[in-house]
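*Asks:* Sequence:
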Amino acid sequence: MSKKRGLSVEEKRTRMMEVFHEKKDVFQLKELEKICPKEKGITSMSVKDVLQSLVDDNMVNAEKIGTSNYFWCFPSAAMLSRKRKLDQLDSEMHILKKKKDSHGAAIATAKATREGGEERDELLQQISVKEKMLEAVKNEVLKYKECDPEVLEKKKSELLVCRESINRWTDNIFSVQTWCKNKFGIDNKQMCANFSIPEDLDYIS
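Take 1 as the starting number for the sequence shown in my numbering and just add one per residue.
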């Protein structure tokens, strides 16, 4: 008989948020350590860490009164917190798109002139930065999957567009490598070494 799978961190976070929303009350840690295992299947040993992660992400409010710490999150407050986070993600996505358009033009120029040098080095660095930024935004969106499904679906579509754009940039670099190989007999390995192109450069999925 297979061992029962434990809850993931995100599942624990979601279930703990359900406790706050369903009971609409203020709790101390020791109260949550009793309620969460009994009603939501969250082990008492992990309650403190899960709670702290929600506080760190501004999804749960915390206040020290005297010698005791109190935690609460009413549905309206949680919705406002998630809306602020999504607005922040919207802003980051907008900035990312603007930079993508700017560097897309630079790639087109590089392909037309078939030149390497500093422009190519900068282009490769920017692709790497954009991939990391996209990954970070994707991770942030996943953390808030309990938000409005339509909003998250929009985020996924926008991420897909950005990913396709990066893959087009990568394809342009591959085209330049092929052109140089056919025109000047420069193999890909030598070109990667001369222009600091990562040998493992590939499309992202």
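Please keep in mind that the hints were generated in silico from the structure rather than gathered at the bench. Hints should not be assumed to be uniformly reliable.
To be verified - Simulated crosslink set (DSS-like; lysine-lysine; CA at most 25 Å straight-line):
id : residue 1 : residue 2
1  : K64       : K24
2  : K40       : K100
3  : K132      : K99
4  : K100      : K130
5  : K98       : K34
6  : K130      : K99
7  : K64       : K98
8  : K48       : K98
9  : K64       : K99
10 : K38       : K24
11 : K48       : K100
12 : K48       : K30
13 : K99       : K48
14 : K100      : K132
15 : K48       : K34
16 : K40       : K30
17 : K97       : K138
18 : K64       : K48
19 : K23       : K38
20 : K48       : K38
21 : K24       : K34
22 : K98       : K138
23 : K23       : K34
24 : K100      : K64
25 : K97       : K132
26 : K24       : K40
27 : K40       : K23
28 : K34       : K64
29 : K130      : K97
To be verified - Have a look at the derived ranges for each label pair, beta carbon to beta carbon:
id : residue 1 : residue 2 : range
30 : S91       : R5        : 35 to 41 Å
31 : Q88       : T14       : 16 to 22 Å
32 : I204      : V55       : 29 to 35 Å
33 : K138      : K24       : 41 to 47 Å
34 : K132      : D57       : 18 to 24 Å
35 : E22       : G66       : 33 to 39 Å
Heads up, the beta-carbon is just placed ideally off N, CA and C, and yes, glycines get one too.
*Asks:* Next, verify each hint and record whether it holds.
*Replies:* A quick look at each hint next to the structure:
| no. | hint | result |
| --- | --- | --- |
| 1 | K64 <-> K24 | holds (19 Å) |
| 2 | K40 <-> K100 | violated (43 Å) |
| 3 | K132 <-> K99 | holds (14 Å) |
| 4 | K100 <-> K130 | holds (8 Å) |
| 5 | K98 <-> K34 | violated (49 Å) |
| 6 | K130 <-> K99 | holds (9 Å) |
| 7 | K64 <-> K98 | violated (43 Å) |
| 8 | K48 <-> K98 | violated (41 Å) |
| 9 | K64 <-> K99 | violated (43 Å) |
| 10 | K38 <-> K24 | holds (18 Å) |
| 11 | K48 <-> K100 | violated (41 Å) |
| 12 | K48 <-> K30 | holds (9 Å) |
| 13 | K99 <-> K48 | violated (40 Å) |
| 14 | K100 <-> K132 | holds (13 Å) |
| 15 | K48 <-> K34 | holds (12 Å) |
| 16 | K40 <-> K30 | holds (15 Å) |
| 17 | K97 <-> K138 | holds (14 Å) |
| 18 | K64 <-> K48 | holds (15 Å) |
| 19 | K23 <-> K38 | holds (14 Å) |
| 20 | K48 <-> K38 | holds (15 Å) |
| 21 | K24 <-> K34 | holds (17 Å) |
| 22 | K98 <-> K138 | holds (18 Å) |
| 23 | K23 <-> K34 | holds (14 Å) |
| 24 | K100 <-> K64 | violated (45 Å) |
| 25 | K97 <-> K132 | holds (14 Å) |
| 26 | K24 <-> K40 | holds (16 Å) |
| 27 | K40 <-> K23 | holds (13 Å) |
| 28 | K34 <-> K64 | holds (20 Å) |
| 29 | K130 <-> K97 | holds (10 Å) |
| 30 | S91 <-> R5: 35 to 41 Å | holds (37 Å) |
| 31 | Q88 <-> T14: 16 to 22 Å | holds (20 Å) |
| 32 | I204 <-> V55: 29 to 35 Å | holds (33 Å) |
| 33 | K138 <-> K24: 41 to 47 Å | violated (32 Å) |
| 34 | K132 <-> D57: 18 to 24 Å | holds (21 Å) |
| 35 | E22 <-> G66: 33 to 39 Å | violated (27 Å) |
Hints 2, 5, 7, 8, 9, 11, 13, 24, 33 and 35 from the list above are not met by this structure, while the remaining hints are.
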